[in-house]
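Chemist: The residues making up each chain are set out below.
2 protein chains.
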Amino acid sequence: MPDYTTSIEVKRYNRSGLSVSQDVIIKERPITLFVNGRELAVVVCSPVYLKELAVGFLFSEGFFQGKEDLRTVIVDEKEGVIRVEAEDWIPSDENLRKRYVTTCSGRGKTTLYLVDDVLKIKPTDSSLVLSIEEILYLSGEIEKNTIVFRSTGGTHGVSLCTSKEVICTFEDIGRHNAVDKMVGHCLLNGISMDDKVIVFSGRISSEIIIKIARIKSPMIISRGAPTDMALGIAKQLGITVIGFARPDKFNIYSNDQRITIGKSN
Amino acid sequence: MPDYTTSIEVKRYNRSGLSVSQDVIIKERPITLFVNGRELAVVVCSPVYLKELAVGFLFSEGFFQGKEDLRTVIVDEKEGVIRVEAEDWIPSDENLRKRYVTTCSGRGKTTLYLVDDVLKIKPTDSSLVLSIEEILYLSGEIEKNTIVFRSTGGTHGVSLCTSKEVICTFEDIGRHNAVDKMVGHCLLNGISMDDKVIVFSGRISSEIIIKIARIKSPMIISRGAPTDMALGIAKQLGITVIGFARPDKFNIYSNDQRITIGKSN
Chain D
2 MPDYTTSIEV KRYNRSGLSV SQDVIIKERP ITLFVNGREL AVVVCSPVYL KELAVGFLFS
62 EGFFQGKEDL RTVIVDEKEG VIRVEAEDWI PSDENLRKRY VTTCSGRGKT TLYLVDDVLK
122 IKPTDSSLVL SIEEILYLSG EIEKNTIVFR STGGTHGVSL CTSKEVICTF EDIGRHNAVD
182 KMVGHCLLNG ISMDDKVIVF SGRISSEIII KIARIKSPMI ISRGAPTDMA LGIAKQLGIT
242 VIGFARPDKF NIYSNDQRIT IGKSN
Chain U
2 MPDYTTSIEV KRYNRSGLSV SQDVIIKERP ITLFVNGREL AVVVCSPVYL KELAVGFLFS
62 EGFFQGKEDL RTVIVDEKEG VIRVEAEDWI PSDENLRKRY VTTCSGRGKT TLYLVDDVLK
122 IKPTDSSLVL SIEEILYLSG EIEKNTIVFR STGGTHGVSL CTSKEVICTF EDIGRHNAVD
182 KMVGHCLLNG ISMDDKVIVF SGRISSEIII KIARIKSPMI ISRGAPTDMA LGIAKQLGIT
242 VIGFARPDKF NIYSNDQRIT IGKSN
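Line by line, the protein sequences are chains D and U.
Numbering-wise (my numbering), the first sequence opens with residue 2 and increments by one.
Numbering-wise (my numbering), the second sequence opens with residue 2 and increments by one.
Quick caveat, the hints were computed from the structure, so don't treat them as lab data.
Hints are supplied without guarantee of correctness; some may be wrong.
A pair holds if it fits inside one copy or across any two, identical chains being indistinguishable in the list.
Said to hold, decoys possible - Straight-line distance between alpha carbons at most 20 Å, and here's what the computed PhoX-like set of lysine-lysine pairs gives:
{"hint": "1", "residue 1": "K250", "residue 2": "K12"}
{"hint": "2", "residue 1": "K28", "residue 2": "K236"}
{"hint": "3", "residue 1": "K68", "residue 2": "K12"}
Produce the entire structure from the sequences given, and follow the hints as far as they go.
Modeler: Given below as structure tokens:
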């Protein structure tokens with residue numbers, strides 16, 4: 002497994018008393034992303050799958066339209082730097098400003114953000130459907146597959162799935178980074194996302210829904226709760242939102258035409 | 002209670018089958034913060050306690066040194082705008098840049114961030130001590146007091162506490178915003194923070210620890226996990242970090258000289 006964690010000494014208190022033991026905690030590192038020589042962003046993240054992070058970030062934030070915009074990615078883990086060479090593009094001041102206000106959990110743009118980001122995205126026309134049983138199955142899989150979370154409690158996880166199985170899972174200290182790494186992995190490996198469902202461990206805010214909309218995935222299933230703004234965007238763009246998903250229950254918040262009572266096959 | 006939530010129709014599935022009911026979900030709104038007429042930040046947040054949010058943000062991000070830097074705050078909730086008049090200060094390009102890269106969950110600055118932000122902060126010299134029983138008690142109180150979380154599952158919460166009791170609790174869709182609102186409330190009401198403990202529902206990343214360091218609180222107790230970078234800063238600045246806190250157990254990660262076996266009185 003990649004190097005997500007480090008070991009430290011911790012004092013534990015429980016009703017049996019105090020004890021000292023080694024514990025595993027999650028690593029956090031600042032990584033600076035340069036595009037064609039200009040600093041675009043600094044991402045505080047789990048320092049693994051950095052190539053995927055860079056590529057996914059550039060796409061899911063709307064800077065890149067696809068893999069064709071990418072020339073090379075060089076990751077210098079020791080220095081905490083990722084250098085991307087892109088086709089004919091240097092981040093402008095506007096890009097920098099845009100980036101700094103769009104990507105964070107709980108920090109984003111204003112009306113501009115809805116007008117600019119959402120109105121440019123076409124509603125999904127995916128014909129994907131999932132049965133109730135398939136949704137319950139995938140809700141259980143995210144718990145099994147987020148192994149860094151189980152050892153540290155410090156990450157969020159996201160899986161890309163067909164209706165039947167998990168294709169890949171990524172974890173990161175940041176919800177957004179986990180999604181970006183999954184997106185980058187899919188772009189780099191030619192895995193389609195517009196016919197797949199996203200299974201997520203975190204809360205569904207507007208910024209997460211906009212990322213999901215950019216990759217044209219038609220459905221997100223999350224352990225967490227959606228916000229009203231996220232649901233407004235999901236309804237506008239035809240995305241099915243399922244929240245509070247567990248192996249035995251879930252809530253459907255939008256676009257339930259993709260959920261069938263019986264199994265598809 | 003302020004207007005954190007909205008009501009929507011939701012379809013619920015559980016082993017008894019599908020049902021339709023009204024559900025309460027959390028509101029999310031983008032709020033633009035202007036300081037002396039210049040746009041400093043856009044914060045996507047729970048649209049309540051916006052005056053507290055603005056003041057706390059400006060202080061805990063290091064723009065303001067104290068309440069004396071503040072002249073007036075005007076909140077226009079309908080327009081989603083907060084206008085702050087500050088003493089002799091207009092955000093510079095550097096401030097804007099700094100702000101955009103420091104405040105987000107999972108997005109921050111690089112080495113500069115540690116050098117600039119941490120080295121300017123003096124280690125805490127607080128003499129606060131808490132007993133094991135007091136820590137367990139406060140860990141239970143955060144669960145009781147985060148009432149928006151209990152109805153929506155969509156917020157993080159933070160309480161300012163003495164060793165004996167909770168002084169105030171704030172919730173927000175963003176972990177950072179909840180802390181900022183608490184800080185703003187304390188600054189506006191002259192409540193000291195450097196002799197109190199912070200009880201938090203979320204994961205402890207470096208950016209949360211830097212906010213705690215700026216308000217000079219000597220101890221944070223969280224339900225969540227700390228990262229290695231957060232612990233590095235906490236050790237450097239003398240902050241006691243307690244994680245995975247529940248009403249019957251907790252882990253001590255740093256500066257355990259503030260934890261006593263017996264009750265203080």
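Chemist: Compare the structure with each hint and give your call.
Modeler: A quick look at each hint next to the structure:
no. : hint        : verdict
1   : K250 to K12 : between (37 Å within a copy, 11 Å between copies)
2   : K28 to K236 : between (37 Å within a copy, 16 Å between copies)
3   : K68 to K12  : neither (47 Å within a copy, 38 Å between copies)
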